Amino acid sequence: MQHPHAASRDQYATGVTAATASLLKRLRAKAPRVHCVTNAVAQNFTANALLAFGAVPSMTLSGEEIGEFVASSDALLVNLGTFDRERREATAIAVDSAVRHGLPWVLDPVFVDRVPQRAAYARDLIFLAPKALRLNAAEFGALAGEKPSREKVAAYARAHNLTVGLSGEIDLIADGERAAAVGNGHPLMAKVTAMGCAASALVAACLAVEPDAFIGTAAAMIMTGVAGEMAAARAQGPGSFASAMIDALYTLDEQTLVDHAKFEMHR
Amino acid sequence: MQHPHAASRDQYATGVTAATASLLKRLRAKAPRVHCVTNAVAQNFTANALLAFGAVPSMTLSGEEIGEFVASSDALLVNLGTFDRERREATAIAVDSAVRHGLPWVLDPVFVDRVPQRAAYARDLIFLAPKALRLNAAEFGALAGEKPSREKVAAYARAHNLTVGLSGEIDLIADGERAAAVGNGHPLMAKVTAMGCAASALVAACLAVEPDAFIGTAAAMIMTGVAGEMAAARAQGPGSFASAMIDALYTLDEQTLVDHAKFEMHR
Amino acid sequence: MQHPHAASRDQYATGVTAATASLLKRLRAKAPRVHCVTNAVAQNFTANALLAFGAVPSMTLSGEEIGEFVASSDALLVNLGTFDRERREATAIAVDSAVRHGLPWVLDPVFVDRVPQRAAYARDLIFLAPKALRLNAAEFGALAGEKPSREKVAAYARAHNLTVGLSGEIDLIADGERAAAVGNGHPLMAKVTAMGCAASALVAACLAVEPDAFIGTAAAMIMTGVAGEMAAARAQGPGSFASAMIDALYTLDEQTLVDHAKFEMHR
Numbered sequence: 001m002q003h004p005h006a007a008s009r010d011q012y013a014t015g016v017t018a019a020t021a022s023l024l025k026r027l028r029a030k031a032p033r034v035h036c037v038t039n040a041v042a043q044n045f046t047a048n049a050l051l052a053f054g055a056v057p058s059m060t061l062s063g064e065e066i067g068e069f070v071a072s073s074d075a076l077l078v079n080l081g082t083f084d085r086e087r088r089e090a091t092a093i094a095v096d097s098a099v100r101h102g103l104p105w106v107l108d109p110v111f112v113d114r115v116p117q118r119a120a121y122a123r124d125l126i127f128l129a130p131k132a133l134r135l136n137a138a139e140f141g142a143l144a145g146e147k148p149s150r151e152k153v154a155a156y157a158r159a160h161n162l163t164v165g166l167s168g169e170i171d172l173i174a175d176g177e178r179a180a181a182v183g184n185g186h187p188l189m190a191k192v193t194a195m196g197c198a199a200s201a202l203v204a205a206c207l208a209v210e211p212d213a214f215i216g217t218a219a220a221m222i223m224t225g226v227a228g229e230m231a232a233a234r235a236q237g238p239g240s241f242a243s244a245m246i247d248a249l250y251t252l253d254e255q256t257l258v259d260h261a262k263f264e265m266h267r
Numbered sequence: 001m002q003h004p005h006a007a008s009r010d011q012y013a014t015g016v017t018a019a020t021a022s023l024l025k026r027l028r029a030k031a032p033r034v035h036c037v038t039n040a041v042a043q044n045f046t047a048n049a050l051l052a053f054g055a056v057p058s059m060t061l062s063g064e065e066i067g068e069f070v071a072s073s074d075a076l077l078v079n080l081g082t083f084d085r086e087r088r089e090a091t092a093i094a095v096d097s098a099v100r101h102g103l104p105w106v107l108d109p110v111f112v113d114r115v116p117q118r119a120a121y122a123r124d125l126i127f128l129a130p131k132a133l134r135l136n137a138a139e140f141g142a143l144a145g146e147k148p149s150r151e152k153v154a155a156y157a158r159a160h161n162l163t164v165g166l167s168g169e170i171d172l173i174a175d176g177e178r179a180a181a182v183g184n185g186h187p188l189m190a191k192v193t194a195m196g197c198a199a200s201a202l203v204a205a206c207l208a209v210e211p212d213a214f215i216g217t218a219a220a221m222i223m224t225g226v227a228g229e230m231a232a233a234r235a236q237g238p239g240s241f242a243s244a245m246i247d248a249l250y251t252l253d254e255q256t257l258v259d260h261a262k263f264e265m266h267r
Numbered sequence: 001m002q003h004p005h006a007a008s009r010d011q012y013a014t015g016v017t018a019a020t021a022s023l024l025k026r027l028r029a030k031a032p033r034v035h036c037v038t039n040a041v042a043q044n045f046t047a048n049a050l051l052a053f054g055a056v057p058s059m060t061l062s063g064e065e066i067g068e069f070v071a072s073s074d075a076l077l078v079n080l081g082t083f084d085r086e087r088r089e090a091t092a093i094a095v096d097s098a099v100r101h102g103l104p105w106v107l108d109p110v111f112v113d114r115v116p117q118r119a120a121y122a123r124d125l126i127f128l129a130p131k132a133l134r135l136n137a138a139e140f141g142a143l144a145g146e147k148p149s150r151e152k153v154a155a156y157a158r159a160h161n162l163t164v165g166l167s168g169e170i171d172l173i174a175d176g177e178r179a180a181a182v183g184n185g186h187p188l189m190a191k192v193t194a195m196g197c198a199a200s201a202l203v204a205a206c207l208a209v210e211p212d213a214f215i216g217t218a219a220a221m222i223m224t225g226v227a228g229e230m231a232a233a234r235a236q237g238p239g240s241f242a243s244a245m246i247d248a249l250y251t252l253d254e255q256t257l258v259d260h261a262k263f264e265m266h267r
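Residue numbers (my numbering), protein chains in the order written: chain A, 1 to 267; chain B, 1 to 267; chain C, 1 to 267.
None of these hints come from the bench; they were simulated from the model.
For clarity, every value in this text was computed on a predicted model and none was experimentally measured.
Some clues are possibly wrong.
Each pair may be met inside one copy or between any two copies, as identical chains are not told apart.
Said to hold, decoys possible - In silico DSBU-like pairs for lysine-lysine, Cα to Cα no more than 30 Å straight-line:
(1) Lys30 with Lys147
(2) Lys191 with Lys262
(3) Lys191 with Lys152
(4) Lys147 with Lys262
(5) Lys191 with Lys147
Given the sequences, and given the hints that come with them, work out the whole structure.
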């Protein structure tokens, strides 16, 4: 099963793992501000995940203030959970502010598989050039019209000129030119609300310090997965897991990342 | 103090305890979707309680989406905490959708004892035929105009054609024909915000898999109480208790329920 | 470095520490109701902190209900995080209700350093006579136009006829006549979202049982700091710290306060 370029691919994967460790260091040094338009269920956990990771969260939605909050931030997250008129108005201003200030922004199209109009709205947002799209298989299916596979995810990323970070038992990352898989993570992650939302916020934090969105997205997903494994080792269920996850994001160090990352380039 | 029908009553109680254990199994197999109109303080804890229990929560309030969310759910919770215009509009659409699709819905009239117009609104909602009403003594007093007792709770349930689940040191459950008490629980449950709100969501989850609302409500209250006892055994205060409660809902098994349930039929 | 009045100052400090211990007892006996206009990120943690401390939180924002909620409360908190139109309208009614009923209210001007119009709004609110203003150095700078120092904080408190509680490595408390420092606390407190917001809610809870706002604010900041130290001793990161903090507020006792308080009068 060895690809002709397997050796250089393995080398690249090792490089991404090293880049992840260095990115964590840069992130903690910079303490980037990440503004989040996110759902009511996820706000607290997302803010704590960002703080533990080394970033500075803000969550204001008011149309009168959000433009300035984004302008003084380093990255923006737009998460479509509990979407409503207030969040729709906030998103319009926030994305406009991000685009004008050249800030990276990340889209997390929560539950687009449950309501067609939310999927249509997400498709419109994708025209406003998010750097990364983090989602799960059901959400990918609703946006792309087909179940995700390595090839479909890569094709979608290429067609929309963004990096896709697809969460699942194996995470897939693709930007149209590169594709990879992350094998880290733990089943308890699916039993805590807002875990995916927080992961998307960590992608935004990584893009605040890493211009290569493929590397930034891969780094965030590796770190989230490794932290999940560390947390699961201490947890007695999803309640203690959630708080151990925040601890793990805080104590995560470069050596642990290098030792535990399961990252593989696909081509 | 033995009632002439004490033996058959005890047998029925044993049957409810067994039904609770089997309901938990069915619930985890089905993973019912529970849509929640709930208060801002309770959203995160409620979502985590539902996930730990084996259900799939959604929390959208937007009038444009909530009808479809409810239509693709298996049960609905309406909780009146932090009630506002958005939640009032959401509730109208959500309850209408639940009624049209024949889904069970549960009302939790939070803090109706603090504001008369909220009590009036709750009384209006009760005309829309919730299957169960979960509340505490002060809230019962505000709705029924008198302090709860076994007889008053049974009379209220009969008059309004629903199941009442009244939380307290001893929980009372009544549907007009049957009445029972649950002795499980722990005082720390009253020191964690949203504990009652989450319990109401678990009632909704149980009604998603159990057509007999008396059995479903009793099962939810037994399971909440037993989980509370398991959590208290590990807790050092209400903070660690809250996360241990989520763990306990996740690890709850049929044998533990049968061993720990304190359930008694009143007639 | 001994001040001529050092001895009486030390005596006063010892008196405040004793007053703190007695205040905690009174607070738990009264279980004051504290209504909170607070941000979406902080609502759950703030409610749990208040419950653990011995108070009864409510969080409704609806203009139709908030006046009555405040009227039946013992203190009000206004926190400017995630401020929006709904919170602005709620604040107008809530503060009016507090003033009319003679209830103490506390202002926490979150993130006024990020948006000039939020600072302007906070300045307007200060004309409505909050008893205490709890904030951090950046927020003080945005309101006062200069970095905080012992003198600046005291001058600001005097000019605005309120008690300032400034959080930092060393907390400063001043009411224009008296000034003090609290040396309790732990760096993990800055890594948990809503920790400052919860501290402000505890100030409101203390003012509900203590008419001297300087003493009440000092007591809340001492207790928050001591609880933070107790929590840190058990924590493995900010996730477990947050839940240990709630435990510590619940288990805090008078002897621990007397033993651990680091309180110093400045004049």
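Hint by hint, here is what the structure shows:
1. Lys30 with Lys147: Close across copies (23 Å), not inside one copy (38 Å); limit 30 Å.
2. Lys191 with Lys262: both (22 Å within a copy, 29 Å between copies)
3. Lys191 with Lys152: For Lys191 and Lys152, only the intra-copy Cα distance (27 Å) is at most 30 Å; the inter-copy one is 40 Å.
4. Lys147 with Lys262: Close inside one copy (24 Å), not across copies (48 Å); limit 30 Å.
5. Lys191 with Lys147: Within one copy only: 23 Å inside a chain, 39 Å across chains, cut-off 30 Å.
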